[in-house]
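Engineer: Here are the chains, one letter per residue:
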Amino acid sequence: MLQVKNYRKAYHGRTILQVPDWQLSPGIHWIRGSNGSGKSTFFRSIAGMLPCEGEIWLNNQYEVSLHAVPYRLRVNYAEAEPLYPEYLSAFDLISFVGKAKQSPAGQVDSLIDTLEIREFWKQPVGTYSSGMLKKTSLVLGFLGQPELIMLDEPLITIDDRAVANVCSLIATYHQRGVSFLLSSHQDFRLTALALDSSYLIQNHTLVETPA
Amino acid sequence: MNAVFFRTLVTEFYRQNSGFFLLILLISFGIIRSDDHVALFRYAMASPSTLVYYVIPWMLYGLKTLSFVRSQFRHPAYGFLDLWRLIPFGTRLSGWVTMQAGLLLPVFLYAGWMGVYAFPARQWSALVLIGLVLLGLVVLPIPLLERMLHQTSREVRVRTFIRHWPLPYPLYFIQHLFRRQPLLLLLTKIFSGLLIMGVCLLYPTDDYDERLLTIGMLIGGLTQLGLAQEQYVFEHEYLLFLRNLPLSFGKRIGYLFVQGLLLFIPETLLLFRYLPATVSWLYAGKALFFGMGLWLAGLHRLYQNDKSLENLGSYGLWGFPVGLLLIMFQVDTALLGLLLWAYAGWVNTYHYYRSEFHLPQ
Chain W
1 MLQVKNYRKA
11 YHGRTILQVP
21 DWQLSPGIHW
31 IRGSNGSGKS
41 TFFRSIAGML
51 PCEGEIWLNN
61 QYEVSLHAVP
71 YRLRVNYAEA
81 EPLYPEYLSA
91 FDLISFVGKA
101 KQSPAGQVDS
111 LIDTLEIREF
121 WKQPVGTYSS
131 GMLKKTSLVL
141 GFLGQPELIM
151 LDEPLITIDD
161 RAVANVCSLI
171 ATYHQRGVSF
181 LLSSHQDFRL
191 TALALDSSYL
201 IQNHTLVETP
211 A
Chain P
1001 MNAVFFRTLV
1011 TEFYRQNSGF
1021 FLLILLISFG
1031 IIRSDDHVAL
1041 FRYAMASPST
1051 LVYYVIPWML
1061 YGLKTLSFVR
1071 SQFRHPAYGF
1081 LDLWRLIPFG
1091 TRLSGWVTMQ
1101 AGLLLPVFLY
1111 AGWMGVYAFP
1121 ARQWSALVLI
1131 GLVLLGLVVL
1141 PIPLLERMLH
1151 QTSREVRVRT
1161 FIRHWPLPYP
1171 LYFIQHLFRR
1181 QPLLLLLTKI
1191 FSGLLIMGVC
1201 LLYPTDDYDE
1211 RLLTIGMLIG
1221 GLTQLGLAQE
1231 QYVFEHEYLL
1241 FLRNLPLSFG
1251 KRIGYLFVQG
1261 LLLFIPETLL
1271 LFRYLPATVS
1281 WLYAGKALFF
1291 GMGLWLAGLH
1301 RLYQNDKSLE
1311 NLGSYGLWGF
1321 PVGLLLIMFQ
1331 VDTALLGLLL
1341 WAYAGWVNTY
1351 HYYRSEFHLP
1361 Q
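Sequence order for the protein chains is W and P. Residue 180 in our numbering sits at position 180 of the first sequence, with consecutive numbering throughout. Residue 1022 in our numbering sits at position 22 of the second sequence, with consecutive numbering throughout.
No wet-lab data here; the hints were simulated from the structure. Treat each hint with caution, since some may be false.
[What the hints assert, rightly or not] Once the Cα atoms are required to be at most 35 Å apart in a straight line, the calculated DSBU-like pairs of lysine-lysine come out as:
hint	chain 1	residue 1	chain 2	residue 2
1	P	K1064	W	K122
2	P	K1251	W	K5
3	W	K122	P	K1251
4	W	K99	P	K1251
5	P	K1251	W	K9
6	W	K99	W	K5
7	W	K9	W	K99
8	W	K99	W	K122
Please work from the sequences and hints to get the whole structure.
Structural biologist: Listed below in structure tokens is the structure:
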């Protein structure tokens, strides 16, 4: 479903990550790597938020640069450590992103209930704890009708109940045909999620490891 | 801690404003010769009441530095600056004074140059006055800085109006300006507002034509480059998700157009309020379209290449003579505006999603 060709990302001339050819089949996939290995950079590139060398295709149909709008309608991303303007509320952000991602009727209500943010979602982000902020970012990641959702460290800073809710949300969306790319230092094998493959970022490239 | 404090607040101020200083230097010493500077300030020191024309820009510069320090303290990446409050008061005070002296260095240098001429001429009253102003510029902000230091993590104000309607996207940046950069907004709007008002009032006093208004709008529009710079950084720091949104070209430009209309409300009101009777509303509309085009083109120059971030001020420098030349050669104001909007449209189509904010090395 996702094809990455001749990918390279460098900062100030220093290569962070190089992926000559990578094919990702539909499913739930886990990407690991030490701090600073380039996981978030890779996710952001796939999400179209960070320019890079090479090509990134979705279903051999939409390329991240060539088909910017239809590609982004189908690929979502939730930040590991989101930073939003302190005066905006989750309500403001979700309404704007939901509209842009063409969120179907009732989806926002369902997501804010599943991730339990209704109580505070009209308060400014500046009053949120890191867990509340993370839940907001996760809601944004699920909006619309994506084919691929990338969740960067989805299990950090949220409580056990929220972890279970996120895992069940991933399983539900997966049943509907949505694929996932997850990055986490936590071991997903300890959760109820059935992983299809696992990758490790090491020596500035991506290698497959046993799931 | 002192070194970190100085690097974060003073060195960073000069780094971020290198374009601004280049512009000031080139205008101050490129257009006015050093002999003229000497003649002007010697006259001012001989009649100290006229020193007010020196004190006002110094105070505005002081406000600019204060605004920068405030924004650094409120920036999430510089949260460690809060630790400054744990330093004993005496040490902190000397730190504030050193920081202020560092930030006000250009003012000190200019005042020192004035002093070199005031001493032999025994212009004691002027010297005392300058000394007091400098002392005030260093000392007066310190209580404000101390207050700010103890309020860095104050609770965010809850929006009291229309809380049950989401804030429309074009207002995100406007809110940011009001909450995080009120001085930048105020100084920009005061400058461009006064300029437009001045041009409109000057217009009927002689045999000027409509080009005078366009020249006013050229300078007024170029002063908005600071807002374009702020907007670029704001988008890339706080709204990273924007580049993941499937926003069509029409929507992106539409949002920017609404934002431009909101940002130019003060200029629009002043222009139509003081519009000379012989100038048509159509021409005023063209001038506004041109002014907004300058802001928009500045923003898109950054989308195209973020290395321009520190050079944006210098664009004003060559933008002014080039614009002036075109205006004097009677190139239509609407055409000039169209060229700027077309450039923005081209960059938005081909570079919007490739825009990347590089942190300095």
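Engineer: Does each hint fit the structure? Answer for all of them.
Structural biologist: Outcome of the hint check:
no.: 1; hint: P/K1064 x W/K122; in the structure: holds, 34 Å
no.: 2; hint: P/K1251 x W/K5; in the structure: holds, 30 Å
no.: 3; hint: W/K122 x P/K1251; in the structure: holds, 26 Å
no.: 4; hint: W/K99 x P/K1251; in the structure: holds, 12 Å
no.: 5; hint: P/K1251 x W/K9; in the structure: holds, 29 Å
no.: 6; hint: W/K99 x W/K5; in the structure: holds, 31 Å
no.: 7; hint: W/K9 x W/K99; in the structure: holds, 31 Å
no.: 8; hint: W/K99 x W/K122; in the structure: holds, 17 Å
In this structure, every one of the numbered hints holds.
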